[in-house]
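For reference, the chains in residue letters:
Protein chains: 2
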Amino acid sequence: MQHSFAPRPVILTGDRTTSPLHLGHYVGSLKNRVALQSTYQQFLLLADAQALTDNAHDPAKVSRNILEIATDYLAVGIDPDLTTICLQSHLPALADLTLLYMNFVTVARLERNPTIKDDIQARGFGRDIPAGFLCYPVAQAADITAFKATVVPVGEDQAPLIEQTNEIVRRINRQAGIDVLREARALIPRVGRLPGVDGKAKMSKSQGNTIPLSATEDQISDAVRRMFTDPLHIRASDPGRVEGNVVFTYLDAFDDDHATVAELKARYVRGGLGDSVVKKRLEDVLQAVVAPIRARRTALARDPSHVLDVVRCGTERARAVTDATLRDVRDALGLFALH
Amino acid sequence: MQHSFAPRPVILTGDRTTSPLHLGHYVGSLKNRVALQSTYQQFLLLADAQALTDNAHDPAKVSRNILEIATDYLAVGIDPDLTTICLQSHLPALADLTLLYMNFVTVARLERNPTIKDDIQARGFGRDIPAGFLCYPVAQAADITAFKATVVPVGEDQAPLIEQTNEIVRRINRQAGIDVLREARALIPRVGRLPGVDGKAKMSKSQGNTIPLSATEDQISDAVRRMFTDPLHIRASDPGRVEGNVVFTYLDAFDDDHATVAELKARYVRGGLGDSVVKKRLEDVLQAVVAPIRARRTALARDPSHVLDVVRCGTERARAVTDATLRDVRDALGLFALH
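Which chain is which? The protein sequence lines are W and E, in order. When we follow the numbering used here, the leftmost residue of the first sequence carries the number -13, and every step to the right adds one. When we follow the numbering used here, the leftmost residue of the second sequence carries the number -13, and every step to the right adds one.
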């Protein structure tokens, strides 16, 4: 039988460059990306332009975190030979496609997007929504289609963004009369969103409830010590609750020995297992996860021009891909080409 | 006294590429542009991207008219050595600046823009406003600022667009902490909007009430013959009305012999002057205006690669200017630069 040279399917993912990545990102996306990079043609977008849609008042933060996150990527095992790491603001075709697609989406449709509605509420924008923020789902459609991605890993709450992208794809294809763009499907991760160490649903650096990928041993110890468990579980002999107990949530996410975790849970529920024992186990697991990442981060910090080179090369490669898509879309729509 | 080498002020103007230009454009803007090109550094933008914001269903029309309008420019006497003729869709910095500025403008502010409100009503968009259309004032701010234009000729009804631009300029400068962008002022033309030959306020090719710059002698004769005068002025001896009488409006706009026009008006109002006499005079004037334009158009049509070259060179020159502004703005805001 002949070997098949079918191209690997394209996957697009990435992060808004607003803060360094933490263990929530590791378990929710980074680990998957490392696993996916050999079977997919993977693009990792440093989404600095999108980050500005609700951080226009703090461009320095958005800029500062670009190389931080690129370093995080390399530290967790993203291989720049397998994955293209690229910088959104430096891919002009993305802006061109966004403006083009904006002519095929109504304001009313954008305002109906459930993800945007939630986001607007969470950010307290009220009536003062920046136009860029309202339109970011269109920019996201530009990102996805520019790379011709057919698989997009997103949280469950972001599925409407993929639906919006596919609506645009269908409108462009209908206008062009040919299928110049392909629809994408959402890849919802198996592991849900990790809570903060304080038990709050949202992890954020500003709340101080995250464990960054650069965390020192002491920071990890400290975070685990402060971790929210079961406030009614006072003595080791008391029966305890596992649901909402952050230590167990983290063990579920990071401890590969599922049988032992199940056993610990049973003992904890029955009573007779102290928080300190469970926390000790979690601390060991987390130290083991973070140690090699921190080591690679330290090595990378010694050679910042290497990280810069990775982003530069990746962005050049991505520029060729996205420029080609812009040309394809413009040609398909019968738009004028000067060259 | 030393010669002053102060740079000429920058003026930005242009046209949406939706139909070939006509005598309304000639008297309302083109004539001015020819006059201004020696005292200003003038950029003429072929606004194909903006044309798409309400013509996404007909990209072919938008594309077809790009070189038509460029030909009109050259035919009326725009000198590509003095004026830079450039193509909006091929200046990627404009899209980048638009998306950047969209983070500094709220949706509510865009919806309050009186020009946009009128436009939305005129186009019958209702609630189905394309996002690109709502945001076109931001794209226009990107155009104006990208060229560092300080003078923008606009119709009286478009003054709010300049106000919107200057609001963005102030917000960017405030965020940057330095005056990286300059405010622009509207240059309202002395001559108001020319009515259609049928007397309707709006001239449009689709209404068949325009005289295109490529009009043949017969088309001009025919248009003047059909021209709306005073429906109650039946016999030459009847007193006639000059207000709303298109023939006199056109004479005011095109006949340089103002004394004779004033005299004709007085005789018409008194009675004793037939429409045919006034129309004959207007026809002679219009034939004299259009003849050299048509001749140059015919010559240019024989060498379409020349027009293409003009647009190509102008766009390259404009690309350098607009790319530099994008870099300046990004630097001033402290945004990351990869190179």
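Just so you know, these hints were derived from the structure itself, not from any lab. Please note: incorrect hints may appear among the correct ones.
If chains are identical, the list can't say which one is meant, so a pair holds when it fits in one copy or spans any two.
Straight-line distance between alpha carbons at most 25 Å, and here's what the computed SDA-like set of lysine to any residue pairs gives [to be verified]:
id : residue 1 : residue 2
1  : K265      : T215
2  : K103      : D114
3  : K191      : N99
4  : K47       : D309
5  : K266      : A(-8)
6  : K191      : Q161
7  : K103      : G63
8  : K17       : R95
9  : K266      : Q205
10 : K251      : G112
11 : K17       : D224
12 : K265      : G112
13 : K265      : D105
14 : K47       : F322
15 : K47       : T92
16 : K188      : I102
17 : K265      : V247
18 : K188      : D67
19 : K103      : T92
20 : K47       : G163
21 : K188      : H325
Hints versus structure:
Within a single copy, K265 and T215 get their C-alpha atoms as close as 9 Å, which meets the 25 Å cut-off; across copies the closest is 93 Å, which misses it. Proximity of K103 and D114 under a CA criterion of 25 Å is satisfied in both settings, with 13 Å inside one chain copy and 18 Å between copies. When the C-alpha separation of K191 and N99 is checked against a cutoff of 25 Å, the pair qualifies neither within a copy, at 27 Å, nor between copies, at 38 Å. Only between protomers do K47 and D309 lie at most 25 Å apart by alpha-carbon distance; the minimum there is 24 Å, versus 28 Å within a single protomer.
In this assembly of identical chains, the alpha carbons of K266 and A(-8) never lie at most 25 Å apart, being 48 Å within a copy and 73 Å across copies at closest. Within a single copy, K191 and Q161 get their C-alpha atoms only as close as 44 Å, which misses the 25 Å cut-off; across copies the closest is 24 Å, which meets it. With identical chains, the CA atoms of K103 and G63 are never at most 25 Å apart, being 35 Å at best within one copy and 52 Å at best between copies. Neither within a single protomer nor between protomers do K17 and R95 lie at most 25 Å apart by alpha-carbon distance, with minima of 34 Å and 43 Å respectively.
Proximity of K266 and Q205 under a CA criterion of 25 Å is satisfied intra-copy only: 14 Å inside one chain copy versus 92 Å between copies. In the homo-oligomer, the alpha carbons of K251 and G112 never lie at most 25 Å apart, since the shortest distance is 43 Å inside one protomer and 58 Å across protomers. Taking CA atoms no more than 25 Å apart as the test, K17 paired with D224 passes in neither setting, with 36 Å inside one copy and 90 Å between copies. Within a single copy, K265 and G112 get their C-alpha atoms no closer than 42 Å, and across copies no closer than 60 Å, so neither meets the 25 Å cut-off.
Within a single copy, K265 and D105 get their C-alpha atoms no closer than 34 Å, and across copies no closer than 64 Å, so neither meets the 25 Å cut-off. In the homo-oligomer, the alpha carbons of K47 and F322 lie at most 25 Å apart only across protomers (10 Å), although the nearest pairing inside one protomer, at 39 Å, exceeds that limit. For a Cα distance limit of 25 Å, the shortest separation of K47 from T92 across copies, 21 Å, qualifies, whereas the shortest one inside one copy, 32 Å, does not. Proximity of K188 to I102 under the C-alpha cut-off of 25 Å is restricted to the intra-copy arrangement: shortest distance 17 Å within a copy versus 39 Å between copies.
In the homo-oligomer, the alpha carbons of K265 and V247 lie at most 25 Å apart inside one protomer (12 Å), although the nearest pairing across protomers, at 97 Å, exceeds that limit. For the identical chains of this complex, K188 and D67 are neighbours neither inside a copy (33 Å) nor across copies (59 Å), given an alpha-carbon limit of 25 Å. For the homomeric pair K103 and T92, the shortest alpha-carbon distances inside one copy (15 Å) and between copies (15 Å) are both at most 25 Å. Proximity of K47 to G163 under the C-alpha cut-off of 25 Å is restricted to the inter-copy arrangement: shortest distance 16 Å between copies versus 43 Å within a copy.
Taking the closest pair of Cα atoms, K188 and H325 never come within 25 Å of each other, the shortest separation being 49 Å inside a single copy and 35 Å across copies.
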